[in-house]
Each structure stands twice: as structure tokens, then as C-alpha cells.
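Fit chains B and C to the given chain A structure using the hints.
Chains as they are written, first to last, in full-length UniProt numbering: chain A, 1 to 201; chain B, 1 to 487; chain C, 1 to 256.
Heads up, some of the hints might be wrong.
Label pairs and their calculated CB-CB ranges [stated by the list, open to error]:
1) B:GLY59 - C:PRO177: 27 to 33 Å
2) C:ARG151 - B:ASN23: 45 to 51 Å
3) C:ARG151 - B:PRO475: 42 to 48 Å
4) C:ILE73 - A:VAL167: 34 to 40 Å
5) A:LYS64 - C:LEU178: 39 to 45 Å
6) A:ILE26 - B:PRO257: 38 to 44 Å
7) B:GLU234 - A:LYS4: 52 to 58 Å
8) A:SER199 - C:VAL58: 50 to 56 Å
9) B:ARG323 - C:THR10: 53 to 59 Å
10) B:ASP15 - C:THR10: 50 to 56 Å
Since the hints were derived computationally from the structure, they do not count as laboratory data.
Please read these numbers as outputs of a predicted model, since none were measured by experiment.
Note that CB positions come from ideal geometry on N, CA and C, so glycine has one too.
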Amino acid sequence: MNKKLNAKDFILIGVLTALMWIICMIISTVMSIAGPVTNVFYPAVVAIPNGIVMMLLLAKVPKKGVFTICGTIQGILFLLVGGFWLIPVALIVGGVICDFLIMGRKEITMKSMMIAYTIFSGIFAFGAIVGPMSFLQDAFVGAMEKNNIAQEYIDGMISITSGFMPVVIIVAGLLGGLIGGYIGQKALKKHFIKAGLVSVK
Amino acid sequence: MITFDNFSFRYEERDKFTLKDLNLTIQTGEFVLLTGRSGCGKTTLIRCLNGLIPHFYPGESKGDILLDGHSLLELKPSDLAGKVGTVFQDPRSQFFMTDTTRELAFGCENMGYSREETVDRIAKAVLDLELSDYLNRSIFDLSSGEKQQIAIGSVYALLPKVYIFDEPSANLDYAATKRLAETMKRLKADGYTIIVVEHRFYYLRELLDRAYLIQDGRLIQSFTREQFCSLSDETRIQYGLRTVYPEREAAKYQLKPAHKSNDGLSVSNLSFAYKKGPDVLRNINFEAHKGDVIGILGHNGAGKTTLLSIMTGLLKEKTGSIRYNGKKLSPRQRRNLSYLVMQDTDYQLFGSSVEEELSLGIENDCSGKVTETLEALELGAYRECHPASLSGGQKQRVTIGAAIVKDSPVIYFDEPTSGLDYDSMVRVSHLIEQLAAAGVIIFVVSHDFEFITRTCSEVLQLDGQDSIKNQVLTPEILLSLSKQYFN
Amino acid sequence: MEENTKKLITQRQFQRTAALDPRCKVALLIMIGCVSYFLNGEICSLVLVASFALFIAVGNGGKWAAKMLIFYIVIAYLNALLRYVSIPVLSVIMSVFGVTILKLVPIAMMGIWILHTTQMDDLMVSLQRMRLPQAVTIPLVVMFRYIPTLRIEYRMIRNTMDIRGIGDTVWKQLIHPLATIEYILIPLLMRCLKVTDELAASGTTRGLELEGKRYALNPVRFSWKEYAVTALGIVFLALLLFLDHTSIGEIIIWRV
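Only chain A is shown next, with the shape it has when bound in the complex:
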């Protein structure tokens, strides 16, 4: 098996990343409009439909580097639409980690695909929500103090953003990845493997 990525693989990565990116934008916009509480869980929800896309991508291009390229491209796009700089960093780091994780073995299996995707979603949840939240907290507290907002308010905010919430968000991200990966693999078996378009061990 030729393990080097070729132009066709790059194009497939481009096309499917475009799809994942659009799904991510739609869901994050809808969830942001729905309210700030749902907003923090968007990485977990996005991971579910994107799981189907990612599983297809990994099955179709079982080579080293897919996660990294995918993460890099999404990171660049996040940068273009105003994402906090931690998002691209998390996406690229996550991509590299996952690539090594899957490629640690010789053959890509359903199991390794699922594990890698779950971790990728967890890291994305960290980069997209938890990281910026704690970074912005300082800036925001400063601004509120300047505006003479009651101390109890500020305390309230700190307790929400620093206590258990980050853990919940990351766990939700991991869970979203797991569900997405599971549904993705079911869809893979039900449609793409059955139609003879891809094959996975």
C-alpha cells in the first residue's frame, strides 16, 4: 500500500474539510444565537455529524498526516473568521497527536480511528472553549472592575468559568467525539463499505 499522500488525497481532504467546516460554522452559529449556555457545548455537538465525515475520510485515506492536514486547514479558516488563536494551535497539536496515535500501529482499524477522533474532539473543545474562556476571564474581570460592577457578580462569573465547567465541557467534547465516531462507523458500514466504496479492517 502506498503510504504517501497524493494530490487526490489532498483534494479529498479539502472537499471533506470544507464540509466539516460548514457544518461546524452552522452549528456554532445556531448554538451561539440560542444562548451562551448552549454555546459552550458546540464542539461536542459539532463532533457528532462531523464524525461521519471524518470516519469516511480516514477510511478512504488511511495514511499518515490526514488529521494534521485537516486540523491545520480548519485552524487557518478559524483564524480567518476571527477565532481565538488558541483554536488553530489546539487543532494542529490535536491533529499531530492523533496522527501519531493512529499511526502508532501499522494498520488503521475501526478502533484506532474512533479513539483518535474522540481525543481530537476533546482537544478541540479545550481549544475552542475552555482555553479562550480562561484567557478572556482576566481581561473581562479587569473590564468589569473598571465599570464598577458588583464584586459578587464578578465572583459568580469566576466560579462558573473556573470550577467544574471546563471539565464538563471537555468531557462533553470527548463524549461528542465518541458518539460521532460510533455513528460515523455505523454509517460507514451501512453505506460506504456496503457500496464497495471503501474498506477498513
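This is chains B and C only, laid out in the frame that chain A set:
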């Protein structure tokens, strides 16, 4: 000169060889037509010529292919970029750039030509192929025909010696096909070698030097132009070939029995405009009765697709009414009543098996009907298969099957014969006849003269006139149509 | 005739600031990205948005800049209004959210403008000049090409679903969300696979895989203009950051 020397090829994932012991020589400057039934190996053959085989589609090959004495099998597609140019079937999905000028430049930029040279080459392509009206436009605003011209221009700018066209007319109307033929004529006059894979090859009859018939991966017959154009109908049909002279079909037309029941669809004074735009459709009136097969004709941009969208309830009319059995229909009611078989079946298949596909969206139990329909469509053997694993013609029959199970009283077909070989075309035509006989109202948007002649009982011409009505199809109308299409 | 054609071919579709080298635009974007999140003063944030709106308006982006500026002001006012609403927890989260949006506006405004005013071949050339491998350039270019197409394909699939009565009502979508996702995604993915095959065939037969030096139709060069704009940008943003830490940063402009 291109020589296939006892060449065989098998795709990695298949057991059988797709091409078998092929011996074929194409002279420099020759205009060659490759034809044969769907799945006979034509597409595989041209993939060997532009380097996609074995580089992109790996597999096992025997024998050799030589281009001017060099083996093609050792060359990558990118090495062949300036030597062999390919224009692919679907003009929508072969563009890399989002505007036309840059698409023309794409190949040259890949080759690393200097800016001056790229501009020179594109300017030559634009002047030679008369593309200046298309410059600096978004590719999303172009019609299929225009896209194809740009695709040819982009290949032309690389100055290859060999041109390959893969079913270039599949998505074109008659005017665009005519233009394509003119472009090909020019390329031929300039001494390029041209290889065309095509089912509907009537427009090549003045151009081709040789035609090759491929069957089941083997070269079965070789014809000169005279031989090919004078094939008798029996032999032609036996080989599964479309006609070279579709206009002659007009004379054979037999009036279809008229069904003038009172029931049916009636449209009066229909007009439509996209937001703030000018009217796309105006003053359209027609009546359709059970058993009618109405051909919707018109050039690209005449509003055929828009009309289908209104009739199927996807768009709301601006003025006018659409009635069924005398009752005025809302868009939603129209959607329940109708079924649209699209040109691209990819968009229409959702299920994980053919059986599931047919019963999707139906709430009550329909297993009996599904089985019946599958048998009638000769799809019984594929019951458990995934729709995506079927061939183009089979996929189309699956979507028609879904329409039958849904019990739609009105079925619309959008370009049902694009990319189909003779056998599949005849099959669709028969199916439509059967549906009509069962009392379904059928509308067919088509550019395919042979198919229209064979299938339609009435036509609705969207070109030109102020008031558009349906007419019973007569030999006279066919004659005037054939003049419009073929002269 | 030939001269005219060549003029048409090399005609620039974007003028002034929009004709800057893509690298320069992206450099500005990244700088704005870094600065925007650290500007806490209201006046400095507004100056940042307003000045870059002007920058964009000069380069074929007047409408877009005006839209984003108005959006910014509306959100800023709404956010100020929040101080008078006191629902515990929720209003705090709301205002964190509001502040985040305000910080996002200048970056998104600039980013989307860059997307709209950058020719694809200029982009490919400048990515190549930045020594990025094909692994990044090809997927990026394909994405820009494919995102508009996705909308068309999605529409086609939804049309069929409507006609066939599959997930055609909000009710059906709500009770079977996963099935709806499947019905939309599977045909879309099937299309993606097909389009990939065709794009790859059409690209590679035109030399996509060659890695020689590329030249775009218009010169792509980091000239003195780009250096000047980048330098000015750095000075301007540094000044804003500095002013933000002085008493100017304390001024509150959004009052209700």
C-alpha cells in the same frame, strides 16, 4: 502516433480484466470516436492515455501503450500535462478556480510558465476559441456549455498534441453541442489528434476519421466514416449504438393515441421571477391528461428547470394557477402529487439498499408493491445492494421505482438520457410508455431528439413565443425542431 | 485585438488595499487577532474596528465594512444594556458572550474581506512563496472552490427530500434528528467522493502535482507598499495597545 500493443488492464479492486488484448493504432492528426455500451471499457481506455491509469487507478497491466514511441505507463499524469489534454464529462466538477480567466490559466501556472507566457497562451486560446465573452466571470454563473468551452480553453492553453473528450455532449443542449462540434472542427483542422468517447455521436459525423466499437473490453470493430455513417439500423441496434442521423427519426414518428379524459393537470397564465429579477417564465398555459407524455423543450436558460421546480412545488409561482382535477394546488400539495427524476441520480439516493430506497418516505406498509416494482424494473437481483454500487442506468431505474411506489400521479424527468447508451435509452423510453399507459402524467425535459421522437406525445416549447402552450407532437413539429437542432 | 484580450486577462478585479499581497493582508489579520483580544477599553476597540472598516472600504469592501460597523455598534449597545438586567449567572454569562463577539468582529470583518478579495491563483502563489507544502495549498484551494458548491448540492438534496417526503417537515426532523442528518449527509458525501475523483482527474491531467515555481496572472510581490502597510499596521496597533493602558482605556462610551 498512439499504439496499444496487446494491452490489458485490470483495476486493483476487480477480479476481471476491464481491457483485454487491445491492439489499436491512432495516427497523428486522426479524429477517432470510441463507442460501445456503458461499462464496455471506453473510459478505462482513455484513463490509460492521460496517465490516470496506472498512477491514479492502480491495477495490473499487460502489454504496452506507446505515444510517439514512448511508453505511457511510465509517465505520471503531470508529465503528460503538456502532451495529452483531457476534457471531462461533467463541466461542473472539473474546475479548480472560481473565475474563468484563472481557470484558463490554471494549467499554465501549474507548469510553472512565466507570467508573460501564461498570458500569451491564454490570449491565444481566447482568440482561437472565441472565448472573450466569458473572461473574468464567476464559474458559478456559466451554463454547462460555457463551462465546457472554458474547460477546452484551459486544456488548449497547454498546447497538447492529443485531445481526449469524455462524453463531452452529455450535459449540453443542441446549440452548445453545435458550438462544441465547431471547436472540434477547428482543432482537427489544426492537425491535433482527437479522441472522443461518446454515446450521442451524431454531431461528429462530419468530423470523424475512424470509429471503434468496444465491447466487453475488446475492440470489436473498426469503421471508416463512410462505413460508420452507413451502418444499417439492425446492425447499429445490435451493437447498442445510437443513430448517426437523429433527424431521420422524425419521419418514422407515429402519432401516439390521444387520451382526452377530463381529469388531469391544467396550468393557466403561469409566470415566475426570481427575487427582483425579470420574469423567467411568462404566460404559460397547458393541459395535461392522464397518459400524456409531454416533452418540455427549449435552449439552456429558457426556464425548463425553473418550470419543473414550480410544477413540483419547490418554487412558488408569481402569477397563475396550477390545477389538478379542477382543484387549485398549493406548492405543498404539488410536492405530494409529483415526483422528479433528476439528471444526477446522486442527489436522489438515500437508502442503504435498493429495497429500502423504494420504501423511503412511505408511511404505510408497501413491501408487496416494492417487490412488484423491483421485478418490473428488472432490479430484483439487486434488492439488497447499496444503490451507490449500481450503474448509472440502474440508479435511474431505482429512482423511477421510488416514484412508482410513491404512486405519484405526475412524474417529471429531467434529462433522463444524458450519458445513457442506446439500450438504456430505449429502456427508459419503454418505462415511460408503461407508466403513461398506467395513467401517469409524464413530463420530460430533454435535448435528445431521438428520445423525444420515440417517447413524447406532446411538446411544450419554451423558446421565443409570447404565449406558451402544449402541442400534440406531429411529424411537422418534429421536422421544424430537427431543422432548429441540426442545421 | 490581441492587446485588448491580454488587457482583459491581466485586468485586476480588486483595487487599492484589496490589491495588496495576500501575505500582507493575512499578516494584518493575525496582528488584529492578537491585539483585539487584549484591548479592554471601549474607545480603543471602537477605533480598531472603525479604522480597519475604513481600510476595507477603500479596497472594494465598502458595503461589508458598513454592515460590520453597524453590527458592532448594535452589539456594544445591547451589551451595555445588560448591566441593568440582573438575572444571576445568566446575565454574567451573557455579557461574557457579548464581549467575546465584540472582540471577534474586527477579525471576522477582515478575514471574510480577505476571502472575497483574494484571487485563487494569487493565493496559491503566495502560499507557495511561504514555502507551505502542497499538503496545505491544495486542500485550501479546493475548499475555497468547493464551499460555494456545497450550498448548491445541499439545496438539490433538500429538494429531493421535500418531493419524496423524507424529513420534509420540522416535526419529522425533530423526532428523527439522526435520520435527518443521515439523509442529508450520505448523498452529500457520495457526491463529495465523486467530485473528488473528477476534480483530481481534471487537476492532475493539467499538472496539479508539479511543484515548480508558479507565477500568477498578476504579479504577487511583497513590495515597498506591503512593507509600508505592514509597518504602519504594527505602529498603529502598538499605539492602540499603549493607549488602552492609559486613562483613555477607562473611558466608557456605551451608555444607555
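Verification of the supplied hints:
{"no.": "1", "hint": "B:GLY59 - C:PRO177: 27 to 33 Å", "result": "violated, 42 Å"}
{"no.": "2", "hint": "C:ARG151 - B:ASN23: 45 to 51 Å", "result": "holds, 48 Å"}
{"no.": "3", "hint": "C:ARG151 - B:PRO475: 42 to 48 Å", "result": "holds, 45 Å"}
{"no.": "4", "hint": "C:ILE73 - A:VAL167: 34 to 40 Å", "result": "holds, 37 Å"}
{"no.": "5", "hint": "A:LYS64 - C:LEU178: 39 to 45 Å", "result": "violated, 32 Å"}
{"no.": "6", "hint": "A:ILE26 - B:PRO257: 38 to 44 Å", "result": "violated, 52 Å"}
{"no.": "7", "hint": "B:GLU234 - A:LYS4: 52 to 58 Å", "result": "holds, 53 Å"}
{"no.": "8", "hint": "A:SER199 - C:VAL58: 50 to 56 Å", "result": "holds, 54 Å"}
{"no.": "9", "hint": "B:ARG323 - C:THR10: 53 to 59 Å", "result": "holds, 56 Å"}
{"no.": "10", "hint": "B:ASP15 - C:THR10: 50 to 56 Å", "result": "holds, 53 Å"}
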